[in-house]
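**Q** Here is what each chain is made of, one letter per residue.
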Amino acid sequence: MNERKPLGRKPMESATTNRGKKADAKPAKLSREVQARLGQQLRAMYDDVVNQGVPDRFTELLNRINGTGSKDRP
Amino acid sequence: MDEQVRKAVLGAVPSLRAFAISLCGNVDRADDLVQETLLRALANIDSFQPGTNMSAWLFTILRNHFRSEYRKRRREVEDSDGHYAEKLKSQPAQIGQVEFREFREALAQLPPDQREALVLVGASGFSYEEAANICGCAVGTIKSRVNRARTRLAELLGVESTEEFGPDQTTRAVLVGGE
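Chains as they are written, first to last, in the working numbering: chain A, 565 to 638; chain B, 14 to 192.
Don't read these hints as lab results, they were simulated from the structure.
It should be emphasised that the depicted structure is a prediction, and the values quoted were computed from it without experimental measurement.
Positions of the beta carbon are idealized from the N, C-alpha and C atoms, including for glycine.
Keep in mind that a hint or two might mislead.
Unchecked claim - Computed beta-carbon distance windows for the label pairs:
{"hint": "1", "chain 1": "B", "residue 1": "Glu16", "chain 2": "A", "residue 2": "Arg621", "range": "16 to 26 Å"}
{"hint": "2", "chain 1": "B", "residue 1": "Arg86", "chain 2": "A", "residue 2": "Asp620", "range": "22 to 32 Å"}
{"hint": "3", "chain 1": "B", "residue 1": "Glu142", "chain 2": "A", "residue 2": "Asp620", "range": "27 to 37 Å"}
Can you build the whole structure from these sequences, using the hints too?
**A** Below is the structure:
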């Protein structure tokens, strides 16, 4: 199909075909460029949280468990 | 607690939080989920096999815990307007960075199976095999979920080519509701 076509819109034919079906019935293949951009966005969003490091509450939690034995629960 | 175990568990926390936020869409809830995961993991640390992937083990616990909690909550409260995507829209501040809001909203509209598969493979850095173990399904199932997730995301974000996915253009993407 025309997945590498540099136009913003799908070709008419495939747009019509897709509309008739469930969106996930048979996934159209995305261009590498689109996949790469989606991947970048996903990782940027994810890494934004990862870069926050370990919040104090979790360090404290582990310290507390360390002191009292792993069977204890707050 | 073994110092090595402690280090490995703490080291997994940032990524566990990112995964939890992508599952439930709420930072506070996600942190509770991570805390519950750590408590469960440490109470069952004997069942962890040294030498295997600690991070994958913790992700599995978190994922299963989230699934069972989520089902329980749905039974308790039939929140008709509580659809995850709707909740997100009403509390964007909780999600943090505005720049990721649109992407998060699109992600939130994916079926949970597809969302977790995409995040595990596309962001957490697990292989298809590891993701399949974490989700308790076949490798082929993970692959097809990831593909469907990408396709649906592209639709939701109105992306058909890179030209449309510039930082300025994404804001005008229309979020399509329903299936």
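**Q** Just tell me: holds or violated, for the beta carbon distance of arginine 86 of chain B and aspartate 620 of chain A against 22 to 32 Å?
**A** About 28 Å separates the Cβ atoms of arginine 86 of chain B and aspartate 620 of chain A, which means 22 to 32 Å holds.
**Q** Would you say the C-beta atoms of glutamate 142 of chain B and aspartate 620 of chain A sit inside 27 to 37 Å of each other?
**A** Cβ of glutamate 142 of chain B to Cβ of aspartate 620 of chain A: about 35 Å, so the range 27 to 37 Å holds.
**Q** Using the beta carbons of glutamate 16 of chain B and arginine 621 of chain A, state whether their distance is inside 16 to 26 Å or not.
**A** At 20 Å between Cβs, range holds.
Comparing the model with each earlier hint shows no violations; every hint is respected.
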